[in-house]
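Engineer: Sequence:
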Amino acid sequence: GNSSIHLEPVPVCAESLDPRFVFVLDTGLKIFMWYGKRAKNTFKSKARLLAEKINKNERKNKAEIIMETLNDESADFWKALGEEDGMRPEEPVIEHVSDDFNIVPPRLYQVKLGMGYLELPQVELPHNKLEHTLLHSRNVYILDCYMDLFVWFGKKSTRLVRAAAVKLSHELFTMMERPSQALVTRAQEGTETQIFKIKFSGWDEVIAVDFTRTAESVQKTGADLTKWARQQETKADLAALFTPRQPAMTATEAQQLMDDWNDDLDAMEAFVLEGTINKKFVRLPEEEIGHFYSKDCYVFLCRYWVPVEDGEEEDSPPPEEDHQCIVYFWQGRDASNMGWLTFTFTLQKKFKELFGENLEVVRTHQQQENFKFLAHFKRKMVIHMGKRKEPRPRNQSAPVELYHLRANGSPLCTRLVQIRPDATVLNSAFCYILKVPFESEEDT
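Per full-length UniProt numbering, residue 1 is the first one in the sequence shown, and the count goes up by one each step.
The hints are simulated quantities; they were obtained by calculation from the structure and are not laboratory data.
Backbone N, C-alpha and C fix where the C-beta goes; we use that ideal spot for every residue, glycine too.
You may find that some hints are simply not true.
[What the hints assert, rightly or not] Derived lysine-lysine pairs resembling BS3-like cross-links, with alpha carbons at most 30 Å apart: (1) Lys279 with Lys387; (2) Lys155 with Lys56; (3) Lys279 with Lys197; (4) Lys349 with Lys435; (5) Lys56 with Lys40; (6) Lys350 with Lys60; (7) Lys350 with Lys112; (8) Lys350 with Lys279; (9) Lys46 with Lys30; (10) Lys129 with Lys350; (11) Lys79 with Lys62; (12) Lys280 with Lys378; (13) Lys129 with Lys44; (14) Lys167 with Lys279; (15) Lys46 with Lys62.
[Stated by the list, open to error] Okay, the calculated beta carbon distance ranges per label pair: (16) Cys13 with Arg159: 35 to 45 Å; (17) Phe101 with Thr250: 40 to 50 Å; (18) Thr185 with Ile94: 22 to 32 Å; (19) Asn358 with Pro393: 42 to 52 Å; (20) Val306 with Lys280: 24 to 34 Å; (21) His6 with Arg186: 36 to 46 Å; (22) Ala163 with Thr69: 17 to 27 Å; (23) Gly290 with Glu353: 21 to 31 Å; (24) Ala163 with His6: 41 to 51 Å; (25) Thr158 with Pro399: 32 to 42 Å.
Sequences are here, hints too, so could you generate the full structure?
Structural biologist: Shown next, in the form of structure tokens:
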């Protein structure tokens, strides 16, 4: 109450009033401020400041702010609360809000588009505080405050993700029982409401400047990127997002596909990007194949047998090139694009010289791998947080590690993903593995 205020919607009726608090009744061009007799002065001053900001930023200074005090309310106030005659109800205003009332901690989710499915990872809050710096222009987020659910659209986010987020927000809203006054609100970057902003600590208005644009870029598209983007014709098929999810693949089907693809696989070589300044790809040890790190990049060179076509005669000589090569470039969620650039100028050139037209390059990101790639790890894929060879300070014991077992619609997608070791991330619908280091080797 001293550093920030908490607002949440309550039913629009006289029974909601409590003499210990301040209530804001927003009717558009009239904003009523009701002060309870026992309300703290900090509540009064901060609620007034909120109303002033709403009037200035959202109503263009056209709204009227009206102060109301207990037992001295205007007829307009009571009418707005549903009392048709404009008279104070006979029942007195009483203290009804529980003393042990707890604020439901907000949860921030990022909406991501995977390979044929939507992903909704929860954003980790630094020091358990919501900060506006967590919102990035290229992304779409859902903020669930239980009584309020917001969908925030970044200026540079795609229409496809926006449409998916709207559908997903309604599903998330109905997933749990909420009071009738709970709301789903959309927020656009740059025009957020004050109610949305006060959910974040230390929200300050800043001017966004894009320092990445070159003079050549400005010459091609003009200074106003938004205007240029509107002129571009982009067509996207939204049907896939709103069709029912495909039926889950059975264990038998998944095993058959895995066997077929691995039978066709003649050899697989794995490489990982190492180094800090002079980065280069080195061969990944055999025992580490299947272990990935979110800040690293990996390359897998896969050679497949090409089946002989039915039309070819048995007596005809065998083809010289009976192999097809696919290079999978895997990029962790927290890895930079420098890995891809290093690959294109080093390994990819060498592979093209060796295999020519028989080479196919597939770039894939964490959580967006295709079935064929996943099949080669035979349901033994582990994604760790951080870098593969991250140095650990001396005299520091190994950290506690928590892994989430996932399989999106198919046993082929089975993987262990490391998450932060926190009891709040546990969900009764999933399985987890907790790795706890012992104090000494003898205990191990």
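Engineer: All hints, please: hold or fail.
Structural biologist: Comparing the hints with the structure gives:
Straight-line distance between C-alpha atoms of Lys279 and Lys387 comes to about 14 Å, which keeps the hinted pair within the 30 Å bound. Straight-line distance between C-alpha atoms of Lys155 and Lys56 comes to about 23 Å, which keeps the hinted pair within the 30 Å bound. Pair hint Lys279 plus Lys197 does not hold up; C-alpha atoms about 42 Å apart against a cutoff of 30 Å. At roughly 41 Å between alpha-carbon atoms, Lys349 and Lys435 are farther apart than 30 Å, so this suggested pair is violated.
With a CA separation close to 25 Å, the supplied pair Lys56 and Lys40 stays within the 30 Å bound. The straight-line distance between the Cα atoms of Lys350 and Lys60 is roughly 62 Å, outside the 30 Å bound, and the hint therefore fails. For the given pair, Lys350 sits about 34 Å from Lys112 by alpha-carbon distance, which is inconsistent with the 30 Å threshold. A threshold of 30 Å between alpha carbons decides the hint, and for Lys350 with Lys279 the separation of about 16 Å falls inside it, so the pair holds.
About 18 Å separates the Cα atoms of Lys46 and Lys30, which keeps this hinted pair within 30 Å; it holds. Distance hint between Lys129 and Lys350 is unfulfilled; the C-alpha atoms sit about 48 Å from each other, more than 30 Å. Between the alpha carbons of Lys79 and Lys62 the distance comes to roughly 21 Å, so the proposed pair stays at or under 30 Å and holds. Of the supplied pair hints, the one linking Lys280 and Lys378 holds, its CA atoms being roughly 28 Å apart against a limit of 30 Å.
About 24 Å separates the Cα atoms of Lys129 and Lys44, which keeps this hinted pair within 30 Å; it holds. Taken as a hint, the Lys167 and Lys279 pair is broken in the structure, with Cα atoms around 42 Å apart against an allowance of 30 Å. Restraint check: the Cα-Cα separation between Lys46 and Lys62 comes to about 20 Å, which is no more than 30 Å; the hinted pair holds. Between Cys13 and Arg159 the C-beta distance comes to about 40 Å, which sits within the given range of 35 to 45 Å.
The hint said 40 to 50 Å for the Cβ distance between Phe101 and Thr250, and at roughly 49 Å that hint holds. Here the CB-CB span from Thr185 to Ile94 is close to 30 Å, well matched to the stated 22 to 32 Å. For the pair Asn358 and Pro393, the supplied restraint of 42 to 52 Å holds, since their beta-carbon distance comes to about 48 Å. For Val306 and Lys280, the Cβ-Cβ distance of about 31 Å falls inside the hinted range of 24 to 34 Å, so the restraint holds.
Under the hint 36 to 46 Å, the C-beta atoms of His6 and Arg186, about 22 Å apart, miss the expected range. Against the hinted window of 17 to 27 Å, the Cβ-Cβ separation of Ala163 and Thr69 comes to about 47 Å, which falls outside the hint. For Gly290 paired with Glu353, a C-beta distance near 29 Å keeps the hint of 21 to 31 Å intact. For Ala163 and His6, the hinted distance range of 41 to 51 Å is not satisfied, since their beta carbons lie about 32 Å from each other.
Between Thr158 and Pro399 the CB atoms are about 36 Å apart, so this pair conforms to the stated range of 32 to 42 Å.
When each numbered hint is compared with the structure, violations occur for hints 3, 4, 6, 7, 10, 14, 21, 22 and 24.
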